[in-house]
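Enquirer: Work out the full structure: start from the sequences and follow the hints.
Protein chains in written order, with the numbering used here: chain R, 1 to 291; chain C, 1 to 244.
None of these hints come from the bench; they were simulated from the model. Quick caveat: nothing in here was measured; it's all calculated off a predicted structure. Don't be surprised by glycine CBs; every beta carbon is placed ideally from N, CA and C. Some clues are possibly wrong.
Chain C regions said to be covered by chain R (calculated; three or more residues, Cβ under 8 Å) [claimed, not checked]: (1) 92-98; (2) 107-119; (3) 126-140.
The following residues of chain C were derived to be distant from chain R, with all beta-carbon distances above 12 Å [what the hints assert, rightly or not]: (4) Ser33; (5) Leu45; (6) Asp81; (7) Trp82; (8) Ser102; (9) Gly148; (10) Thr189; (11) Gly198.
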Amino acid sequence: MSQPAPAAADRRSFLFMGGGALIGLAMAGYALFTARGTSTLIVPPEDVALVNQQPISRSDYLAQLQTLYGVDLAHATGEQRHRVLGDMIREELFVQRGKELDVAATDPDVRTSMVNAVEQEMAADAVTAQPGEAQLRAYFEAHRGRYASEGVLNLRDYVFAADDSSTAAAAAAAMRAAPPTPESLAAWHARDSRKVSDQEFYFAARLHLGDALFTTARELPDHGVSAPVRQGGEIHVLYMIENRRPVPFDFAAARDQVLTDYRNDAIGHLRTGDEAFLRKRANILIADDVK
Amino acid sequence: MRVIVLAALWATLAAVVLGYSAHREARLLRLDSGAIVLGSAPAELARALGRPLFETRCAGCHGARGRGDPGRGIPDMTDADWLYGSGSVGDIEQIVRYGIRSHHPKSWDLAFMPAYATPHPSARDPRIEPLTPGDIRDVVERLMQLQGSPSDAASAARGALIFLGRGACYDCHAADAKGDPAIGAPNLTDRITLYGDGSRESLRRSIAGGRHGMCPAWEGRLSAAAIREVSIFVYSLSHGGAAP
Numbered sequence: 001m002s003q004p005a006p007a008a009a010d011r012r013s014f015l016f017m018g019g020g021a022l023i024g025l026a027m028a029g030y031a032l033f034t035a036r037g038t039s040t041l042i043v044p045p046e047d048v049a050l051v052n053q054q055p056i057s058r059s060d061y062l063a064q065l066q067t068l069y070g071v072d073l074a075h076a077t078g079e080q081r082h083r084v085l086g087d088m089i090r091e092e093l094f095v096q097r098g099k100e101l102d103v104a105a106t107d108p109d110v111r112t113s114m115v116n117a118v119e120q121e122m123a124a125d126a127v128t129a130q131p132g133e134a135q136l137r138a139y140f141e142a143h144r145g146r147y148a149s150e151g152v153l154n155l156r157d158y159v160f161a162a163d164d165s166s167t168a169a170a171a172a173a174a175m176r177a178a179p180p181t182p183e184s185l186a187a188w189h190a191r192d193s194r195k196v197s198d199q200e201f202y203f204a205a206r207l208h209l210g211d212a213l214f215t216t217a218r219e220l221p222d223h224g225v226s227a228p229v230r231q232g233g234e235i236h237v238l239y240m241i242e243n244r245r246p247v248p249f250d251f252a253a254a255r256d257q258v259l260t261d262y263r264n265d266a267i268g269h270l271r272t273g274d275e276a277f278l279r280k281r282a283n284i285l286i287a288d289d290v291k
Numbered sequence: 001m002r003v004i005v006l007a008a009l010w011a012t013l014a015a016v017v018l019g020y021s022a023h024r025e026a027r028l029l030r031l032d033s034g035a036i037v038l039g040s041a042p043a044e045l046a047r048a049l050g051r052p053l054f055e056t057r058c059a060g061c062h063g064a065r066g067r068g069d070p071g072r073g074i075p076d077m078t079d080a081d082w083l084y085g086s087g088s089v090g091d092i093e094q095i096v097r098y099g100i101r102s103h104h105p106k107s108w109d110l111a112f113m114p115a116y117a118t119p120h121p122s123a124r125d126p127r128i129e130p131l132t133p134g135d136i137r138d139v140v141e142r143l144m145q146l147q148g149s150p151s152d153a154a155s156a157a158r159g160a161l162i163f164l165g166r167g168a169c170y171d172c173h174a175a176d177a178k179g180d181p182a183i184g185a186p187n188l189t190d191r192i193t194l195y196g197d198g199s200r201e202s203l204r205r206s207i208a209g210g211r212h213g214m215c216p217a218w219e220g221r222l223s224a225a226a227i228r229e230v231s232i233f234v235y236s237l238s239h240g241g242a243a244p
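Expert: If you want it as structure tokens, here you go:
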């Protein structure tokens, strides 16, 4: 078996080593000038410009062309392209100048926007995670009380004079036997308060009747009549025409709302956690007199 | 010696593959989204690469075949009906990138269906007042009438007044109820329904409980090239592309 001459072997070794070094340098150079956060002279393909190394997204540029002129890149005129790009570069320059001037320290609108933006960013992380069906079902089971149809009632609120409790009691008894008629109401000197008309959701009825009357009304069955209720210097007798109580939703019917609630809870937890982290790492000094 | 040669070859091969991949991605990203033609080599490659991304990131909601689920308000992406924009690759890409009500500052987030059977139907617009069960019934009849389904004319007439008046439905859905793809407000005059089966009960539920579906933003979670690839795949679903 013949061995290569030592000089030839050395040359080959140097050649391979040099080749390897060149490939390594090329790869490192490519990575160095294209990696995010490094200074580069090349505009990445997903961007249309770099302003002090801050990218202007190609996607945003195309969307802006579409929004302003209703055209895609191929159909945009040179002037339209330049105007949109010029505006986007101008905006970026002004934002960068705003950071240099620390505008957030003085402008309440900028501060509000920044707080909102950070909150949104935290929430975006939470909504990207898609909960599984088992997680949603477990959440639904844990909060079943939230998921029901809104109750609907249709009633009449008859008002009697405050000093005529005996008539009100007699009228209530009569209504239990037969629905009231205009004639019977006239005979009792009662009037419809018209606080509730036709069908109303429970929440609306509560607003219109007030808590006390609504609590009484909610328990009445169809065609039920309440005992006289004294309220606001008058006596009320409620006649329930129809009471459709809230019906609990099953999981399928509630799923949409369950998902929303689940995500909102996740967002809330994430925000609380992030705020705690920010507080923990911050150096916060509080004046003695306001501690 | 052989080991060194092999290592050098592998390194060269890796560099070539990386270089080609970067070149291909750059070409894809520099393509004008409005000019992407299915069947062209870059589009077909992107579609093929977008399919597994769709399966892992999107199919959980949209279904493996992209047909959605009206029970959950997940849109069918194989038909020609688009809620946001016109269904171009660029429009789809904006949704994939920034999402819908995703809490990304650039997400689609203008339209928000109020929950009219609640004390405060819209957290964004306190001027919108609740509707009564009768009002909701009237609006439903109006929608049935607009869709050409049998309806109660008197009730629909009252519903039209609510639609154009205190219900403020026209504000998003437009006075002719044909919707507005610029804000994601659906056309209420066709028979394509995002939620439910288009029955009176499913319409009533949408009006009573409100709707505000969401799609997450993938910016920062997927590369720009991957976002374009999955967008082209989604575009292909409604343009003759075979569903997975």
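Enquirer: Taking each numbered hint in turn, which are not upheld by the structure, reported in ascending numerical order?
Expert: Per hint list: 4 and 8 violated.
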